[in-house]
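Student: For reference, the chains in residue letters:
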Amino acid sequence: MGKKVLMKGNEAIAEAAIRAGCRHYFGYPITPQTELAAYMAKRMPKIGGTFLQAESEIAAINMVYGVAATGRRVMTSSSSPGVSLKQEGISYIAGSDLPCLIVNVQRGGPGLGGIQPSQSDYFQATKGGGHGDYHLIVLAPSSVQEMADLTGLAFDLADKYLVPSMLLADGTIGQMMEPVELAEGREPVFTEKDWAVTGTKGARKHHIVNSLYLVPEELEAKNFERFARYAEIEKNEVRYESFMMEDAEYCVVAFGIAARISKNAVVAARKEGLKVGLIRPITLWPFPKQVLADAAKHVKGFLSVELSMGQMVEDVKLAIDCSRKVALCRRTGGMIMSPDEVLEQIRLLAGGDNA
Amino acid sequence: MTTEILIAGFGGQGILFAGKFLANKGLLEGRHLSWLPSYGPEMRGGTANCSVVLSDDPVGSPIVNTPDVLIVMNLPSLDKYESAVVPGGKVFVDSTLIGRPVERADLTPFYVPATRLAQENGVPGLANMIMVGKVLRECDFTSFDGIEDAVRSVVSAKHPEMLDVNLKALRLGYDYQD
Numbered sequence: 001m002g003k004k005v006l007m008k009g010n011e012a013i014a015e016a017a018i019r020a021g022c023r024h025y026f027g028y029p030i031t032p033q034t035e036l037a038a039y040m041a042k043r044m045p046k047i048g049g050t051f052l053q054a055e056s057e058i059a060a061i062n063m064v065y066g067v068a069a070t071g072r073r074v075m076t077s078s079s080s081p082g083v084s085l086k087q088e089g090i091s092y093i094a095g096s097d098l099p100c101l102i103v104n105v106q107r108g109g110p111g112l113g114g115i116q117p118s119q120s121d122y123f124q125a126t127k128g129g130g131h132g133d134y135h136l137i138v139l140a141p142s143s144v145q146e147m148a149d150l151t152g153l154a155f156d157l158a159d160k161y162l163v164p165s166m167l168l169a170d171g172t173i174g175q176m177m178e179p180v181e182l183a184e185g186r187e188p189v190f191t192e193k194d195w196a197v198t199g200t201k202g203a204r205k206h207h208i209v210n211s212l213y214l215v216p217e218e219l220e221a222k223n224f225e226r227f228a229r230y231a232e233i234e235k236n237e238v239r240y241e242s243f244m245m246e247d248a249e250y251c252v253v254a255f256g257i258a259a260r261i262s263k264n265a266v267v268a269a270r271k272e273g274l275k276v277g278l279i280r281p282i283t284l285w286p287f288p289k290q291v292l293a294d295a296a297k298h299v300k301g302f303l304s305v306e307l308s309m310g311q312m313v314e315d316v317k318l319a320i321d322c323s324r325k326v327a328l329c330r331r332t333g334g335m336i337m338s339p340d341e342v343l344e345q346i347r348l349l350a351g352g353d354n355a
Numbered sequence: 001m002t003t004e005i006l007i008a009g010f011g012g013q014g015i016l017f018a019g020k021f022l023a024n025k026g027l028l029e030g031r032h033l034s035w036l037p038s039y040g041p042e043m044r045g046g047t048a049n050c051s052v053v054l055s056d057d058p059v060g061s062p063i064v065n066t067p068d069v070l071i072v073m074n075l076p077s078l079d080k081y082e083s084a085v086v087p088g089g090k091v092f093v094d095s096t097l098i099g100r101p102v103e104r105a106d107l108t109p110f111y112v113p114a115t116r117l118a119q120e121n122g123v124p125g126l127a128n129m130i131m132v133g134k135v136l137r138e139c140d141f142t143s144f145d146g147i148e149d150a151v152r153s154v155v156s157a158k159h160p161e162m163l164d165v166n167l168k169a170l171r172l173g174y175d176y177q178d
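In the order they appear, the protein sequences are chains A and B. Counting from 1, one number per residue, gives the positions in the first sequence under our numbering. Counting from 1, one number per residue, gives the positions in the second sequence under our numbering.
Bear in mind the hints are in silico, worked out from the structure with no lab data behind them. There could be a bad hint or two in this list.
Lysine-lysine pairs mimicking DSS-like chemistry, simulated, CA-CA at most 27 Å apart [stated by the list, open to error]:
| id | chain 1 | residue 1 | chain 2 | residue 2 |
| --- | --- | --- | --- | --- |
| 1 | A | K271 | A | K300 |
| 2 | A | K46 | B | K158 |
| 3 | A | K3 | B | K158 |
| 4 | B | K80 | A | K42 |
Based on the sequences and whatever the hints tell you, model everything.
Tutor: Pasting the structure below:
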């Protein structure tokens, strides 16, 4: 690890991707992730990599599909409306069992929406987004340091399980600067893979990368095989942060920027004598279901804090089998709740219980 | 200790740059910090603001809703943010551009004719750093020591001549007395 430097979240993703051995970036500009593409445009040509501004988001994701099929590390990035455009390609990549990284620095929606921060692509990221039976590994950074760390992890997990990874960030974390310590650079990752299409030179039988299975028995078997891998991911790769949960009677659940705001509110609530803690999912898929189920044995109620009309709240209810009250603190459209707004919801949750 | 700083003014006044300087100052002192710009469709003449949090502990929310220190470089910013400052907070006003005093009696105001000082002293466009110089004098969340390294880390390597003028502007603000 080197010394700490100040970087924007978007730049930290780009530098971390390069250090993780990614040498191929395809994208199309959109606020608030443009610094990422700009960084790649500057750096990739100097290190023998590819930066290509495609004619559209759809073209970019299909270029990612192509490079992923060769076994090389590859990524694209965009913001909400652009990620919607990529969904067809993402489904094809998932259906072809290829690793890659897709970054979504979310902004308010639906439609073109606005350019201010949002978390309203939670459903799209964690429940599919494109068509068919598939999942992405979805990581939710909450600091500039995590923008860097989770980028490396996203590539590693994608390679390990042959599943596309998504980094689900938001405009705030993308635009802010914080001190960040970057991992040592790695050489470009290109290990011989027994599925990659790299040219046979007549020496072996050719590989086929494809998502078309016209025989339903084959497609069903393929989907079952993929979901067996998903089960492994759910078993091995759940990540979360637990804050002041030891003696907590109430549990705030929040990710990304909402978790940062919630932390201030939890500290303030503790000063008022309210026993509150925070569980911050770092992996949104796999969702930390068991962690919340275990917490439900001890706490009286949950509060989901989200920059959306309420999306993750459904997964919280599912995780605890609706065994406790689950309240919701929400802002949407690019608006951000203050710690005081979260604190007020915590008071209501705790007070409603004592009344 | 945690200090929440909000800097606001017109785009083009160096609002974000002033924040970057304070962020780098904090970094060089080994502190926890965050820097968050407004990133709306602001451009020269529009409004711009910047949240900086400096702390001895990891920073929670990077969004400054209730600043301990407010630096304002136009009237709309004072109108908008005066009510948000914490009781007992400090407000730094560019009095060349803002004609009215701070109204709240529970705040400590500092009036610096930064834009005029910048023009008179041959550092045009650096009213922002004059304001920051005054902040370094009146606040104890950071000190005047080590400003050269902090400026060096924010001025472009292509424009080393900017180092001296930024230091001059900081000094002007630091030495300014009503």
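Student: Hint by hint, say whether it matches the structure.
Tutor: Checked hints:
{"no.": "1", "hint": "A/K271 <-> A/K300", "in the structure": "holds, 19 Å"}
{"no.": "2", "hint": "A/K46 <-> B/K158", "in the structure": "holds, 19 Å"}
{"no.": "3", "hint": "A/K3 <-> B/K158", "in the structure": "holds, 23 Å"}
{"no.": "4", "hint": "B/K80 <-> A/K42", "in the structure": "violated, 38 Å"}
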